[in-house]
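*Asks:* For the sequence shown, position 119 matches number 119 in full-length UniProt numbering, and the numbering has no gaps at all.
You may find that some hints are simply not true.
Straight-line alpha carbon distances no greater than 35 Å define the calculated DSBU-like cross-link-like pairs of lysine-lysine that follow [what the hints assert, rightly or not]:
#, residue 1, residue 2
1, Lys38, Lys105
2, Lys38, Lys24
3, Lys105, Lys24
Quick list of the computed label-pair ranges, beta carbon to beta carbon [as the list claims (entries may be wrong)]:
#, residue 1, residue 2, range
4, Ala4, Ser36, 41 to 49 Å
5, Arg123, Val15, 18 to 26 Å
6, Gln44, Phe124, 32 to 40 Å
7, Ala76, Gln100, 17 to 25 Å
8, Pro41, Asn127, 30 to 38 Å
9, Ala52, Gln3, 28 to 36 Å
10, Met1, Leu114, 33 to 41 Å
11, Val5, Asn27, 43 to 51 Å
12, Met91, Leu16, 21 to 29 Å
13, Ala29, Ala9, 31 to 39 Å
14, Ala33, Gly93, 19 to 27 Å
15, Arg123, Arg97, 38 to 46 Å
16, Gln44, Ser2, 42 to 50 Å
17, Gly37, Phe124, 13 to 21 Å
Hints listed in this document are in silico derivations from the structure and should not be mistaken for laboratory results.
All C-beta atoms in this analysis are idealised placements derived from N, C-alpha and C, irrespective of residue type, glycine included.
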Amino acid sequence: MSQAVFSLARILVVVLFCVSGAQKLMNPAGVVAAVSGKGLPYPQVLAWLTIAAELGLGLLIALGFYARAAAVLLAAFTLATIVVFHNFWSMTGDAARMNQIQALKNLSIIGGLLMIAAAGPGRFALNRR
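All chains, full assembly: derive it from the sequences and hints.
*Replies:* Structure below.
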C-alpha cells in the first residue's frame with residue numbers, strides 16, 4: 001500500500017508542471033513575452049526550455065523514468081523561477097503578497113521534488129533502481 005501511495009504522491013507533485021507546460025506549449029508566444037518582460041536574454045530559447053522543463057521533466061517524474069535526475073533538474077528550475085519571477089522581496093503591496101505566496105508554494109514543491117530525488121521513484125515506475 002505504501003508504494004502505491006508513494007507513486008501517487010510522485011505523480012501529484014508534478015501535475016502542476018505538466019498542466020502548466022502543456023498550456024505553455026499551446027501559447028509559446030506568451031511565454032516568450034513573459035521571459036522578455038523580465039529582461040532575460042534569448043527569450044525564445046528560454047521559453048522553449050521552460051516548456052521542456054515543465055512538461056518534459058514533469059512527465060519523466062510522473063512516469064518514474066529517470067525520476068531522480070528529473071526531480072533535481074525540476075527543483076533547480078523551480079528555484080530559478082522564485083528568483084526571477086516571484087522575487088517578492090523587490091516588490092510592494094499586493095504584488096509582493098501574491099508573489100510571496102507563489103514563492104512559498106514553489107519552495108514546498110521543491111521539498112517534494114527533493115524527496116523524490118532522495119528516495120527514487122518507488123516500486124511503480126518505468127525504471128526502478
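*Asks:* Each hint should be assessed against the structure and marked as holding or not.
*Replies:* Do the hints match the structure? See the list:
no., hint, result
1, Lys38 - Lys105, "21 Å, holds"
2, Lys38 - Lys24, "17 Å, holds"
3, Lys105 - Lys24, "20 Å, holds"
4, Ala4 - Ser36: 41 to 49 Å, "44 Å, holds"
5, Arg123 - Val15: 18 to 26 Å, "20 Å, holds"
6, Gln44 - Phe124: 32 to 40 Å, "37 Å, holds"
7, Ala76 - Gln100: 17 to 25 Å, "21 Å, holds"
8, Pro41 - Asn127: 30 to 38 Å, "35 Å, holds"
9, Ala52 - Gln3: 28 to 36 Å, "29 Å, holds"
10, Met1 - Leu114: 33 to 41 Å, "24 Å, violated"
11, Val5 - Asn27: 43 to 51 Å, "35 Å, violated"
12, Met91 - Leu16: 21 to 29 Å, "22 Å, holds"
13, Ala29 - Ala9: 31 to 39 Å, "34 Å, holds"
14, Ala33 - Gly93: 19 to 27 Å, "23 Å, holds"
15, Arg123 - Arg97: 38 to 46 Å, "41 Å, holds"
16, Gln44 - Ser2: 42 to 50 Å, "44 Å, holds"
17, Gly37 - Phe124: 13 to 21 Å, "41 Å, violated"
Of the hints listed earlier, those the structure fails to meet are numbers 10, 11, 17, in rising order.
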